[in-house]
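S.K.: Letter by letter, the chains look like this.
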Amino acid sequence: MKSLKLPAEIGNLRTFVSFVSDCARTHGFSQERVSDVELAVEEAVTNICSYAYDRGQGDVEIRCLQDDDSDRLVVEITDSGKAFDALSAPPPDLAASVEDRDVGGLGVFLIRRVADEAHYLRQGGQNRLRLIFRPS
Amino acid sequence: MQISVRKDSETLVVSVQGRMDTLSAPEFDSKMEGLFGQGEKKVVLDFGKLEYVSSAGLRSILVAAKKAKAAGGSVCCCDLQSMVKKVFDLSGFAAMVPVFDSVEEALSR
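Line order of the protein sequences matches chains X and U.
Per the working numbering, residue 404 is the first one in the first sequence, and the count goes up by one each step.
Per the working numbering, residue -18 is the first one in the second sequence, and the count goes up by one each step.
Honestly, the hints are just simulated from the structure, not real lab data.
Each hint should be verified, as a subset may be incorrect.
[To be verified] Derived list of chain X stretches under chain U, where covered just means 3 residues or more per stretch with a C-beta under 8 Å from a C-beta of chain U:
#	region
1	462 to 470
2	474 to 482
[Said to hold, decoys possible] Derived Cβ-Cβ restraints for the label pairs, each shown as a range:
#	chain 1	residue 1	chain 2	residue 2	range
3	U	R(-13)	X	Q529	46 to 56 Å
4	X	R475	U	K30	27 to 37 Å
5	U	G15	X	G507	38 to 48 Å
6	X	D457	U	S89	47 to 57 Å
7	X	S483	U	D10	45 to 55 Å
8	U	R90	X	S500	12 to 22 Å
9	X	Q526	U	V(-14)	41 to 51 Å
10	U	V(-14)	X	D472	19 to 29 Å
11	U	R90	X	D505	43 to 53 Å
12	U	P7	X	E520	25 to 35 Å
[Claimed, not checked] Straight-line C-alpha distance at most 20 Å; calculated SDA-like pairs for lysine to any residue:
#	chain 1	residue 1	chain 2	residue 2
13	U	K(-12)	U	Q(-2)
14	U	K23	X	V501
15	U	K66	X	V506
16	U	K23	X	E502
Quick reminder that beta carbons are idealized off the backbone N, C-alpha and C, glycines included.
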């Protein structure tokens, strides 16, 4: 298990992304899957930095775990901010035109699409997003 | 992220290189804002050297497309690399914004 805990600030985004990128590479993932992990983690961390805490008051912790029974990579993203289940957000309207399309709402949708599983848990005052990636 | 701009007749070719993420997307926004402010409205986004895009980058592309349309112009994207193409497909952007295989094809449309 590897973990990284840093303040929930957008300036730390690339450090988090590099961390999971290294985990996924060490895990033997292809470049395509490494990018999927990077994307999901960017979207999740950006949400936490934007909404979880009142300015600069908390941390984000990312843990990369190896699944004992399989070659799946488990990425857990934890914060101690306001209760927020990002996964409950409504899906965007993918068929809308340029004029009608809403400029937000795609982050969580992309997490759901690139991760094989996504689970949200509120426990002990923490939000925990558990993302599971298969190698292909 | 690096951005370079060249003019081809009435069309502006904006080449974006590297990663378009939450941190770099605002730079793209201000670049495009400046270009639209100068009266440019027909834009080809050359993504041949763009390795990565997140929802923040998609938002910036959509904002640019909306501004161009409002001004009576257009934005198209070309030469999408594998990661960017996947995100365009997943997000519906591939069906919403015109996408071409190459800059040449986009310019000759």
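S.K.: Hints first: check each against the structure and report whether it holds.
M.R.: Each hint tested on the structure:
1. 462 to 470: violated (count 0)
2. 474 to 482: violated (count 0)
3. R(-13)(U) - Q529(X): 46 to 56 Å: This hint holds: roughly 50 Å between Cβ atoms.
4. R475(X) - K30(U): 27 to 37 Å: holds, 32 Å
5. G15(U) - G507(X): 38 to 48 Å: Cβ of G15(U) to Cβ of G507(X): about 24 Å, so the range 38 to 48 Å is violated.
6. D457(X) - S89(U): 47 to 57 Å: holds, 53 Å
7. S483(X) - D10(U): 45 to 55 Å: violated, 32 Å
8. R90(U) - S500(X): 12 to 22 Å: holds, 19 Å
9. Q526(X) - V(-14)(U): 41 to 51 Å: holds, 50 Å
10. V(-14)(U) - D472(X): 19 to 29 Å: Taking Cβ atoms as reference, V(-14)(U) and D472(X) lie about 52 Å apart, which means the hint is violated.
11. R90(U) - D505(X): 43 to 53 Å: Since R90(U) and D505(X) have Cβ atoms about 27 Å apart, the given range 43 to 53 Å is violated.
12. P7(U) - E520(X): 25 to 35 Å: holds, 32 Å
13. K(-12)(U) - Q(-2)(U): Answer holds: K(-12)(U) to Q(-2)(U) is near 17 Å, not above 20 Å.
14. K23(U) - V501(X): holds, 15 Å
15. K66(U) - V506(X): holds, 19 Å
16. K23(U) - E502(X): Distance ~16 Å between K23(U) and E502(X) Cα, so the pair holds.
In the structure shown, a violation is registered for the earlier hints numbered 1, 2, 5, 7, 10 and 11, in ascending order.
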